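Each of the two chains sits in its own frame; use the hints to bring them together as a complex.
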Amino acid sequence: MIFLSNLVNGLSLGSIYAIIALGYTMVYGIAKMLNFAHGDVIMVGAYIAFCALQYWGMPPILALLAAMGLCTVLGITIEGLAYRPLRQATSLAVLITAIGMSYLLQNLAQLIWGANPKSFPPVMIQLPTLSLFGDRLKISGVTIVTILANIVIMILLTAFISRTKMGKAMRCVSEDRGAAELMGINVNRTISFTFAVGSALAAVAGILLCSAYPILMPTTGSMPGIKAFTAAVFGGIGSIPGAMIGGILLGVIEILGKAYISTELGDAIVFAVLIIVLLFRPTGLLGKPIREKV
Amino acid sequence: MSMLEINDIHVFYGAIHAIKGVSFEVKEHEIVTLIGANGAGKSTILNTIAGLLRPRSGQVLFEGKSLNGIPANKMVGLGMALCPEGRRIFQQMSVRENLEMGGYSRPAAEMAGSVEDAFKRFPRLKEREKQIAGTLSGGEQQMLAMARALMSKPKLMMLDEPSMGLAPILVEQIFDIIRELHQAGTTILLVEQNAQMALSVADRAYVLETGKISMSGEAKALLQDDNVRKAYLGS
Ligand SMILES: Nc1ncnc2c1ncn2[C@@H]1O[C@H](COP(=O)(O)OP(=O)(O)OP(=O)(O)O)[C@@H](O)[C@H]1O
Ligand SMILES: [Mg+2]
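Heads up: the sequence lines are chains A and B, in that order. Residue numbers for the first sequence follow our numbering, so the first one is 1 and each next one is one higher. Residue numbers for the second sequence follow our numbering, so the first one is 1001 and each next one is one higher.
Next up, chain B with everything else stripped away, as it sits in the complex (with noise of 0.2 Å):
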């Protein structure tokens, strides 16, 4: 079943045409990924898929739900969420407060246990419970938006370039964690700068250029593809 389906949509900033007619699906307990280079818009659709942004026309479906007209605000609580491009942490607030505003849609009795939870995938986060955020280390901080963004128990995780920054070792701690999200059933949209990983760990992938689709198919297949490795494998 098609978990995400995005039909033709058109995205403006102001007079900019940053996306052209895209249409993509992400299945249930899939991992899909959309790579692409700097500007072509893979941080416009997916913060038009979590709602900041409003398709001009066409439509985001969520499990066969048209998402158009409703507030940023409700994603959440239909079960998506976005650990954003930039991370975009609360810099002022405590490690346990911003995992406390992760859940802010969940049940009251849950945080405490879901806080747990997250402190067990990431035990870095436990040590820091209480330092602010704006203090902790880069890759620390990422640690920190993809667990807060997991609090609200999404059923479809976006990801905009979460290994951004990082060092090789971070970078593969992170993409182990997506694997592990995805065998516990969560189904994950992946943007990456980062063609390689994101390709090795997708199921099926998306190329991104200028605001449209140019190519797609099985992630492995894109991986062999000479025109993929010539613009983004660098080979």
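Okay, chain A solo, but in the shape it has when bound (with noise of 0.2 Å):
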């Protein structure tokens, strides 16, 4: 029962992974590059639901909404500012212009709300618990809620990726950007959209992470991200079900890890695993591997 209880915190740590593994991957097939600042938008956006709770007494659903709307209107700003001008510059200039946004961000929340951690409210703590096996087996109401929307994310984004125009563009100009052109598509407003849908989803991330673990500082995305980012080239970067799959395993087994093997080296194990998967699969374990037809 201990172990299914672990598995359920793991499978729920996990579909936040995977929900900020997703911002990672989408930008990283469509735009090629690492967004390293990517973790930090999950910290803005957790910081703007906290304020409108706190502050500006908003229902969590409009805080969730305010929270999705300027991180979406922020990644478009960081995308257009600080990436759109060097994108015929070297992947490398690109990345560490990524990591200076990362640490932009988390001074700027710093200078705004300072480096005293806050306390998330606990708008999710009400949510009632299910309770299975006559009491043995508790899930809380969080967990049931981050499990269901990650769900839901992975259905709705899926879709729109197979179904919608702008996600057929975001396939062609991740396959091929010149050709992707000639075709007509707006290779910078695809980009930008991608940005948007990513941060929108990193909004939602940090709320999920802080009703979970909710202490909030301006350095609380770093870490999650950087797991996020593991998940990612774990499941095989630029695949949204890699995502999906890597944020997951990569959630569970941090947890079991932690639990049967050792609390201090959790985050070792979750490393290790990586290495491992990655000797045996370069690409990841739904990356495609590179294939050309001449």
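Note that these hints are calculated values from the structure, not bench results. Errors might be hidden in some of the hints.
Cut-off 20 Å, straight-line C-alpha distance, at most; resulting in silico cross-link-like pairs (SDA-like, lysine to any residue) [as the list claims (entries may be wrong)]: (1) A:LYS118 - A:LEU108; (2) A:LYS32 - B:LEU1052; (3) A:LYS258 - A:PHE271; (4) A:LYS288 - B:GLY1134; (5) A:LYS118 - A:THR158; (6) B:LYS1130 - A:ALA89; (7) B:LYS1130 - A:SER162; (8) A:LYS165 - B:SER1094; (9) A:LYS165 - B:MET1093; (10) A:LYS165 - B:GLU1097; (11) A:LYS32 - A:ALA89; (12) A:LYS288 - A:LYS165; (13) B:LYS1126 - B:GLN1092; (14) B:LYS1074 - A:ALA89; (15) A:LYS165 - B:GLY1077; (16) B:LYS1074 - A:GLY178; (17) A:LYS165 - B:ILE1132; (18) A:LYS32 - B:GLN1091; (19) A:LYS165 - B:SER1114; (20) A:LYS288 - B:THR1135; (21) B:LYS1130 - A:ARG171; (22) B:LYS1130 - A:PHE160; (23) A:LYS288 - B:SER1094; (24) B:LYS1027 - B:SER1002; (25) A:LYS165 - B:PRO1107; (26) B:LYS1074 - A:ARG87; (27) B:LYS1153 - B:GLU1028; (28) A:LYS165 - B:GLU1028; (29) A:LYS288 - B:GLN1092; (30) B:LYS1074 - A:ASP176; (31) B:LYS1074 - A:MET166.
These figures come from a predicted structure and were not determined experimentally.
In structure tokens, the structure reads:
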């Protein structure tokens, strides 16, 4: 029973990683860059939700929408100001800019909200807890919402990418930017849209994360950001189902590793698994091997 | 009337001066071919017309209007399509999706009809409608690349080495399609390594040598020209 409970907690943490990993993987797939500031957008989303709940007296659903909306604007702004001018630059220049952007967001957050940790309002603690097996397995409302949110996001996103015009444009840009332009696709707008979606998801992840672990600081997004990036690589960067599977596996491995092997080594175990997987499958679990036909 | 006019363009890749002052024109309803050895700059010229590359100086006029500063993704809306070198179909999308992307710039209501038209012209693609494009044979991929470019109903169709790597029978087929398109009123700018075939289908031709036009004229005349025969027809 304790095992099951750990497993559920792993699924929940993994769902948060998966939602963050989607942002990394979509931006990587379409803009061909690692947006290291993505983790910090999570933190900004959580702060916005915090303000909306604590100071502006918004109901939780409006707080969520406000966080998503403002993070969308933030994502588009970051892309337009920092990354778009570097479209022709080397990937190293872009990477360094992204790292700089990450610190900029953390420092701005510190300036606006201070360095002291804030405790995130317990909006979701009030959700009912699910009791199974005659109360021997309790699943909290936050956990259920997190897992469900992940499932809904995956279904919507997959449908969006495979069916809508913008979704198809994203796939084209991801495969061949020049050919996409020949079709009439506006590459800049497509990339901007990808950042918008990734950042809105980051806001959702930020709120879920702070509902489960209610301490909010300017560095709150860094570690989950790095873990989610690992999850994206683990699943195969650029692949949406890969981000899902990578995120969930990572969360489960982390929680089970902490429970049964060593609390201190939990993170080390996560990265060890990543290294082993990459040794055998350099493109990740679902990453496509690079194939070309002449 | 001149559909496409290239005025003294210079194109660079960093410090490499790939196109050194090229001028030519394509009139409405013509088939014009650009021939030349590997690395002469043929693809560079087509990519510049399509907006994927920018000339450092000189201009490209399409139906009398300058294309300077117009982004590549707007070109297809003006009525030109490029079927690029190496096909560049979307490998991970299905055949039908590739065609739909070709019609990206057209009204959604026309899509189903245009896809059906494409299947009529290329029945092989119809049989493979749902197949992932990356798994098509080389010839089928070339058909798909042409069909995709045609989905935008271009006035000017630019083809970059459509016969590359294909068996003789398929090359014949590709050239038949080019003739059909021409008869249906499409203006064609064709880049080919296969100079024999290109010159026999074209009205006029330009010969490109290391970034400059070295010769031009009626395709039939060039086909008989001794220098051209020696350099490009292997006889
Ligand atoms: N991306 C690039 N970067 C640098 N140089 C390039 C690039 N693309 C082409 N070149 C150079 O520009 C010149 C013209 O190339 P281009 O591809 O236009 O030739 P081409 O006539 O199409 O040749 P082919 O028949 O082999 O396709 C060549 O010398 C080539 O090396
Ligand atoms: Mg070429």
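Evaluation of the provided hints:
1. A:LYS118 - A:LEU108: With a Cα-Cα distance of about 16 Å, the restraint between A:LYS118 and A:LEU108 holds, given a limit of 20 Å.
2. A:LYS32 - B:LEU1052: Between A:LYS32 and B:LEU1052 the Cα gap is close to 18 Å, so the pair holds against 20 Å.
3. A:LYS258 - A:PHE271: With a Cα-Cα distance of about 13 Å, the restraint between A:LYS258 and A:PHE271 holds, given a limit of 20 Å.
4. A:LYS288 - B:GLY1134: It holds: about 12 Å lies between the C-alpha atoms, which stays within 20 Å.
5. A:LYS118 - A:THR158: It is violated: about 35 Å lies between the C-alpha atoms, which goes past 20 Å.
6. B:LYS1130 - A:ALA89: violated, 37 Å
7. B:LYS1130 - A:SER162: Satisfied, since the Cα-Cα distance of roughly 13 Å is no more than 20 Å.
8. A:LYS165 - B:SER1094: holds, 15 Å
9. A:LYS165 - B:MET1093: holds, 13 Å
10. A:LYS165 - B:GLU1097: Distance ~10 Å between A:LYS165 and B:GLU1097 Cα, so the pair holds.
11. A:LYS32 - A:ALA89: holds, 12 Å
12. A:LYS288 - A:LYS165: Roughly 23 Å separates the two Cα atoms, so the pair is violated.
13. B:LYS1126 - B:GLN1092: Distance ~18 Å between B:LYS1126 and B:GLN1092 Cα, so the pair holds.
14. B:LYS1074 - A:ALA89: Not satisfied, since the Cα-Cα distance of roughly 24 Å exceeds 20 Å.
15. A:LYS165 - B:GLY1077: Given that 20 Å is the threshold and the Cα spacing comes to 17 Å, the pair holds.
16. B:LYS1074 - A:GLY178: Satisfied, since the Cα-Cα distance of roughly 13 Å is no more than 20 Å.
17. A:LYS165 - B:ILE1132: holds, 18 Å
18. A:LYS32 - B:GLN1091: holds, 17 Å
19. A:LYS165 - B:SER1114: The hint holds at about 17 Å.
20. A:LYS288 - B:THR1135: Since the Cα atoms of A:LYS288 and B:THR1135 sit roughly 14 Å apart, the hinted pair holds (cutoff 20 Å).
21. B:LYS1130 - A:ARG171: holds, 17 Å
22. B:LYS1130 - A:PHE160: It holds: about 19 Å lies between the C-alpha atoms, which stays within 20 Å.
23. A:LYS288 - B:SER1094: Holds, at roughly 16 Å.
24. B:LYS1027 - B:SER1002: Distance of about 4 Å is within 20 Å: holds.
25. A:LYS165 - B:PRO1107: holds, 12 Å
26. B:LYS1074 - A:ARG87: holds, 19 Å
27. B:LYS1153 - B:GLU1028: Answer holds: B:LYS1153 to B:GLU1028 is near 15 Å, not above 20 Å.
28. A:LYS165 - B:GLU1028: violated, 33 Å
29. A:LYS288 - B:GLN1092: holds, 10 Å
30. B:LYS1074 - A:ASP176: holds, 17 Å
31. B:LYS1074 - A:MET166: Answer holds: B:LYS1074 to A:MET166 is near 17 Å, not above 20 Å.
In terms of the numbered hints stated before, the structure departs from hints 5, 6, 12, 14 and 28, listed from lowest to highest.
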